[in-house]
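Novice: Protein chains in written order, with my numbering: chain A, 1 to 660; chain B, 661 to 812; chain C, 813 to 1107.
Among these hints, one or two may not hold up.
Some residues of chain A that are not near chain B, with every Cβ distance over 12 Å (derived) [what the hints assert, rightly or not]:
1) 115
2) 173
3) 365
4) 368
Simulated restraints, written as ranges between beta carbons of each label pair [to be verified]:
5) C:985 / A:30: 41 to 51 Å
6) C:831 / A:317: 39 to 49 Å
7) A:108 / C:1002: 49 to 59 Å
Hint data in this document are derived by calculation from the structure and do not stem from the laboratory.
Glycine residues also receive a C-beta, built at the ideal position from the N, C-alpha and C atoms.
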Amino acid sequence: MKRVGVFICHCGTNIGGVVDCPKVAEIAKDYPGVVYSVDNKYMCSEPGQELIKKAIKEQNLDRVVVASCSPRMHEPTFRRCVENAGMNAYFMEMANIREHCSWVHASEKDKATEKACDLVKMAVAKAIMNKPLQKATIPVTDRALVIGGGIAGIQAALDLANAGHVVDIVEKEPSIGGKMAQIDKTFPTLDCSACILTPKMVDASSHPNINLITYSEVEKVEGFVGNFDVTIRKKARSVDMSVCTGCGVCMSKCPSKVDSEFEMLLSKRKAIYTPFPQAIPNKPVIDRDNCTYFKTGKCGICQKVCTLGAIDYTQEDEFVVTRYGAIVISTGFEQFDHSVYGEYGYGKYPDVITGMHFERLINASGPTMGKIKRPSDGKVPKNVVFIKCVGSRDVAKGKSYCSKTCCMYTAKHATLVTEKIEDSNVYIFYMDVRTGGKGYEEFYNRTREKYDAQYIRGRVSKVFKQGDKLIVRGEDTLLSQAVEIEADMVVLATAMVPQADASKLAQKIGIGYDKDHFFTEAHPKLAPVETHTQGVYLAGACQGPKDIPESVAQASAAAAKACGLLSKSEMLTEPIISVVNESICVGCGLCVPICPYKAIDLKTISERDHGKTIERLVADVNGGLCQGCGACTVACRSGALDLKHFTDQQILAEVNALCL
Amino acid sequence: MSVNEVQQNKEVEQNWEPKILVFACTWCTYAGADLTGLSRLQYPPNIRILKVPCSGRVNPQFVIKAFQKGVDGVLVAGCHPGDCHYTSGNYFTRRRFLLMRRLMEYIGMEPQRFQNRWISAAEAPKFQQVITEMTEEIRTLGPNRKLRDDQW
Amino acid sequence: MVDLTLEIRKTAKELLEKGEAKVVLGWEKGNFPYSTTPVFIDKPEDTERLIWDEYCINNLALYMLDYKHLDGKVGIFVKGCDSRGINRLVQDKQLDREKVILIGLSCPGMKDEKKAKELGPNADIPMAQKCQDCRYPDPVVYDVFLGEKQNKKVPEKIDTSDVEEMETKSPDEKYRFFTTNYEKCLRCYACRNVCPACNCKECIFDQTATGWLAKANNVSNNMFFALTRAMHVGGRCIECGECERVCSVNIPIMLLNKKIIKDINFLFGDYDAGLETEERLPLGGYDYTDPEEFM
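Produce the entire structure from the sequences given, and follow the hints as far as they go.
Specialist: Right under this line is the structure:
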């Protein structure tokens, strides 16, 4: 028989003014298992806690019930208290007779007292069923993985590395830099994007704690917080990185020309290439799909011209498995495929381009050397029309959300057009102008007032060609009249969407994603960089549309969270997790899809059955991943799965106690 | 007068008060009930809250069991969809209890006796209102005899 | 059906002789003209016992659990309902599809053995209720098929008119109906034992120490049993109606199962369990757009 001690707190008059605490203490003496019951003015005070500790020793108690305020307030206090008296912390149960009783039934003292008795009775019944639980420790590997080497990934890696942790950046492209590398100028300061990004890229590549793993992708993630075993596929570069000096002779001699992705297909690159001149690492890869040697077996010029013998056609994809303590995901965004907007003529008219094309057109190292020229004929456009919200805020055809950056970059583009082209006119079709951010509204006002950009509120219904011009037909909803503009060039502010394979990556790592495939944070307000998988953090636009300052801030936040985890060699795990009774488990796996943390797997066990060794499946809970929600237990028909500290039997004991 | 009615009258005479069991998830509804207390919003003293980590932990069998043992009403409450501390627990709760509620009603349990609500940690007035309404509804219905195990 | 009986025997014999199957599951004639029992044949010469007639009503799928750890394959004859039972077991990971050879048979609908017993040998015996309700007389999965498929036109949706009728009654009427029926329940668990969806290693109702179900046989405990079992097979019931058929006290068990099937169809979209083995189970997932009634 268990020996339960009951401690009723008056909380001054907070409880005692309504609930007859001495009476509750008296009645509790008759509850099954209770051997000691007492009331006290302030249970949480030093003397109150001493009273509990003394009673544990003198009365030889093995369970303690404290009836006081909400456990959300003082559960840690009383757990520590009983622990100090040599009792397992989880042998302590609380009955909430303040928030849930005295404070809400102030005028019904008798009934409040009766309710307090019931609450104590339930807590006693549960406490008797409580089992000792121990926090376990798991080792933490001091190494972080950053997935995606854009500005967010670079920032997170630098912060982690500066804090003394080893970081690997996995980047699927041949160079780090991401979208920011393609951008010409940044709003609202109009400083050159490359000028602020490339030093950071160099810092990352030269940092002793950072390893760049470019042209590589995450293949598989196993394990859990502190111990993620990540398989990385290093795609075959066909260039021996250890030998290549990046002299570039191979690139200049290569005869195969391909549209450059970095230049938004506005110019050509070679089949052996670096995406852009400042690429890091500045060593080329061979694009095997477009290389003459790989297509026909003939050519081999690059190999001939490379005096160092760095070209290796026989290279194969390599898989490496590394253990990481923490993962920061910073895979960024892509542009929305706006081909659904046939009315805008994208793809049909070369002079209808996207914002990212425009970035390359105005970039001094871009295909036009920074001269704004029409892709069709190279003429300098005079009338430029910008269409905002292409794909954003359009439930019917695009995405329901606002892409957040387009208002500002369109204002920036408008400014740059006016600055670079004399006598130019800029027209901007918009739904709303949203300029939340430091200095953003001022920038927008300047664009309108000083640069004279014409903002037209309304949607464009059609873009069509008439001679040399693109006719943009729309409506000015403020004036309620149709508008038609003869444009030389049309720039679409397309929505930001996550990487096409974002959901696949999320599934590999075991994190959530929303209906648009942006990764889901653990809590939208209080845990915006954490995910539901402990040890996995989010940075940048992979979590939702963001501009550069926000991405950088979130990256540093994610790095700080990861640092907190990596700074210790081991971490404590919550003992309230699901457990499997293997002897009952039939291995049906109905629990597996329920777990939001992918903490349940099926494993094969072998056992003796009628004189024969048989193998069978049973559920297996990964204690490092399980967060103790208990949703799986309900899916288990036979009750083989149970949640520690909230077992079926504990809950049933409370239900029974209520009704006795 | 049926046996049920005789029994009911007997209990009403003995100053019967509804007894309602509330399964509350730690993160939203339990915290909401705490806030109700902090705000001193008063409600009838007929409920007993049983804390569970997540509404997804509430096995429909607990509900039947509670009625067997003699409670007059059961409320299962948790975080609003999208707010679950564990991402998706309440979505499973919703599926399970959409079925369970219909099943209970189907076998003759008055729907007022078994309810489900989303109550967030901020919704103290809602908590107060739900408890007050439910208590009154059950008071009108009288003591529950259905599914009750007479041993108890 | 006589021809098919010969074919069944031939097929079973071949499987056993060639060693492709170690055991073959089928039906044999029982003690009465209106009864058959499942039979497990492991010798080629015993295949003569196999028959195929209008009383081969047993769903054989569940017996596969007995051969879970057999080294070698099992041949099993499957009607529509047996095949859905097989899918049930495969999806529940209780059966390795590779370890069974499914011999498909098109079911004309079996006769009601209880009625046959009552009405005598010369009467016109009606079809069993479960067969009247059946929407998949042809097996949904098989390796070999004997005879011809009927491709019978069947209703697209399960007939839940009896459920709907029950729903219109008052709470007290409904409660009276179910408790009057479950008062009779002996808790013999025949319904569970015959059910392909009830494939736990140790059933919760057999675990006396857990406190879920008291031994006392009263209507309260019987209702706990009934409702819990209905929820446990919810979304997984293959509508074979075996539970109701084997009930020795004639409880209309399918009224509960069909209620849940009806609600799943209405709430989460049409779903027929046991048609395949990969799709997400109704209670194994959720949709953000599920009906919101909790408010």
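Novice: Find the nearest Cβ of chain B to the Cβ of residue 368 of chain A and say whether that gap is larger than 12 Å.
Specialist: 47 Å, holds
Novice: Range hint 39 to 49 Å: satisfied by the CB atoms of residue 831 of chain C and residue 317 of chain A?
Specialist: This hint holds: roughly 44 Å between Cβ atoms.
Novice: The output says residue 365 of chain A does not contact chain B. Does that hold with a beta carbon cutoff of 12 Å?
Specialist: Nearest chain B Cβ is 45 Å from residue 365 of chain A, so the label holds.
Novice: Checking the smallest CB distance to chain B, is residue 173 of chain A really beyond 12 Å?
Specialist: 31 Å, holds
Novice: Between the beta carbons of residue 108 of chain A and residue 1002 of chain C, is the distance compatible with 49 to 59 Å?
Specialist: 51 Å, holds
Novice: Could one say that the CB atoms of residue 985 of chain C and residue 30 of chain A fall in the range 41 to 51 Å?
Specialist: 43 Å, holds
Novice: Would you check whether the claim that residue 115 of chain A is not at the interface survives, using Cβ distances to chain B and the 12 Å cut-off?
Specialist: Violated, since 5 Å does not exceed 12 Å.
Hint check: a violation occurs at hint 1 only; the rest are consistent with the structure.
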